[in-house]
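In order, the protein sequence lines correspond to chains R and G. Numbered by my numbering, the letters in the first sequence go through residues 1 to 110 in order. Numbered by my numbering, the letters in the second sequence go through residues 1 to 114 in order.
For the record, the hints were derived by calculation from the structure and aren't laboratory data. Do not rely on the hints blindly, as some may be mistaken.
[What the hints assert, rightly or not] Distance condition first, Cα-Cα at most 20 angstroms in a straight line; then the derived SDA-like pairs of lysine to any residue:
| # | chain 1 | residue 1 | chain 2 | residue 2 |
| --- | --- | --- | --- | --- |
| 1 | G | K57 | R | T99 |
| 2 | G | K96 | R | Y48 |
| 3 | G | K9 | R | Q37 |
| 4 | G | K9 | R | A42 |
| 5 | R | K81 | G | K71 |
| 6 | G | K57 | R | G94 |
| 7 | G | K96 | R | N49 |
| 8 | G | K83 | G | V19 |
| 9 | R | K107 | G | G42 |
| 10 | G | K9 | R | G40 |
| 11 | G | K96 | R | F45 |
| 12 | G | K9 | R | E41 |
| 13 | R | K107 | R | A42 |
| 14 | G | K96 | R | V50 |
| 15 | G | K96 | R | G93 |
| 16 | G | K96 | R | G95 |
| 17 | G | K71 | R | G95 |
| 18 | R | K107 | G | K96 |
| 19 | G | K9 | R | H38 |
[Said to hold, decoys possible] Partial list, computed: chain R residues near chain G (C-beta under 7 angstroms):
| # | residue |
| --- | --- |
| 20 | G28 |
| 21 | N30 |
| 22 | N96 |
[To be verified] With beta-carbon atoms standing in for the labels, derived distance ranges:
| # | chain 1 | residue 1 | chain 2 | residue 2 | range |
| --- | --- | --- | --- | --- | --- |
| 23 | R | K81 | G | N53 | 35 to 45 angstroms |
| 24 | R | I17 | G | V99 | 24 to 34 angstroms |
| 25 | G | T77 | R | G94 | 34 to 44 angstroms |
Remember, predicted model here, so these are calculated numbers, not experimental data. Using N, Cα and C, we set each Cβ at its ideal position, and we do this for glycine too.
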Amino acid sequence: GQNIDQPTEMTATEGAIVQINCTYQTSGFNGLFWYQQHAGEAPTFLSYNVLDGLEEKGRFSSFLSRSKGYSYLLLKELQMKDSASYLCAVTTGGGNKLTFGTGTQLKVEL
Amino acid sequence: DGGITQSPKYLFRKEGQNVTLSCEQNLNHDAMYWYRQDPGQGLRLIYYSQIVNDFQKGDIAEGYSVSREKKESFPLTVTSAQKNPTAFYLCASSPKGAVTDTQYFGPGTRLTVL
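Using the sequences and the accompanying hints, generate a full structural model.
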């Protein structure tokens, strides 16, 4: 089966940097997605990693190590609007089926 | 404006009644998906379809049914056989259903069964 682990909650200060980790144990791993979800709303796409390394996109960066089954999402210059749940999801096998972690609830404080 | 619409946003039903949730997309995407989200759990895949007139069960298909008669539409029926139907239901679509495709989500329907 698939197993994806993320911390349940994190708290950080406005303007700071926060790293949200995701570890996975899956068979037939293809790639890893990060989504942001505000309470009661749809998840929105943040990043996709298929190769090892860091992908940078503005204030958000995502890292993948396939050999370690590990990814992180890095958020810089935190803003209050970044308070949300961050979902890690992997694709396995030949299709586009996503398996999600339980999500990390990030709270940004003044 | 291209996007995915789900209606209604909130839905209440009595126990024992079937209910159908709508999902429409005008993105010209081939693949569509239904997920269920419960507090403290990740999104779980109910059904998915990669082409019109074809669909496959996801991880938790029991008590649900779908149809894909048109490319734009992928309605989900929650039947009375579903033991715990109260949840937040999310529909998504992706261009071709390829491994590298991003899935885009609709706004969701919160179903409460009384």
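Outcome of the hint check:
Note on K57/G and T99/R: the hinted pairing holds, with a Cα-Cα distance of about 14 angstroms set against a maximum of 20 angstroms. Only pairs whose Cα atoms come within 20 angstroms are accepted, and K96/G paired with Y48/R is accepted, the gap being roughly 16 angstroms. Proximity of K9/G to Q37/R is assessed by CA-CA distance (about 16 angstroms); at most 20 angstroms being required, the pair is judged to hold. With a CA separation close to 11 angstroms, the supplied pair K9/G and A42/R stays within the 20 angstroms bound.
Among the hinted pairs, K81/R with K71/G is inconsistent with the structure: their alpha-carbon atoms are about 35 angstroms apart, more than 20 angstroms. With a C-alpha separation of about 15 angstroms, the suggested pair K57/G and G94/R falls inside the 20 angstroms cut-off, and the hint holds. Our distance criterion of 20 angstroms between C-alpha atoms is met by K96/G and N49/R, whose separation comes to about 18 angstroms. A hinted pair counts as satisfied when its Cα atoms are at most 20 angstroms apart, and K83/G with V19/G qualifies at roughly 14 angstroms.
The suggested pairing of K107/R with G42/G holds, with an alpha-carbon distance near 19 angstroms, which does not exceed 20 angstroms. At most 20 angstroms may separate the alpha-carbon atoms for a hinted pair to count; K9/G and G40/R meet this at roughly 10 angstroms. For the hint linking K96/G to F45/R, the alpha-carbon distance of about 17 angstroms falls within 20 angstroms, and the restraint holds. For the proposed pair K9/G and E41/R, the alpha carbon gap of about 10 angstroms is at most 20 angstroms, so the pair holds.
Restraint check for K107/R and A42/R: satisfied, since their Cα atoms lie roughly 18 angstroms apart, inside the 20 angstroms limit. Among the hinted pairs, K96/G with V50/R is consistent with the structure: their alpha-carbon atoms are about 18 angstroms apart, no more than 20 angstroms. Taken as a hint, the K96/G and G93/R pair is honoured in the structure, with Cα atoms around 16 angstroms apart against an allowance of 20 angstroms. For the given pair, K96/G sits about 10 angstroms from G95/R by alpha-carbon distance, which is consistent with the 20 angstroms threshold.
Only pairs whose Cα atoms come within 20 angstroms are accepted, and K71/G paired with G95/R is accepted, the gap being roughly 19 angstroms. Simply put, K107/R and K96/G have alpha-carbon atoms about 35 angstroms apart, too far for the 20 angstroms limit, and the pair is violated. At roughly 15 angstroms between alpha-carbon atoms, K9/G and H38/R fall within 20 angstroms of each other, so this suggested pair holds. With a cut of 7 angstroms, the hint placing G28/R at the interface with chain G is violated, because the nearest CB-to-CB distance is about 10 angstroms.
Evaluation of the N30/R hint against chain G yields a held restraint, the C-beta minimum of about 5 angstroms falling below 7 angstroms. Because the closest C-beta pair between N96/R and chain G is about 5 angstroms apart, less than 7 angstroms, the hint holds. Remark: the range hint 35 to 45 angstroms for K81/R to N53/G is upheld by a beta-carbon distance near 42 angstroms. At roughly 31 angstroms, the beta carbons of I17/R and V99/G sit within the given window of 24 to 34 angstroms.
Between T77/G and G94/R the CB atoms are about 28 angstroms apart, so this pair departs from the stated range of 34 to 44 angstroms.
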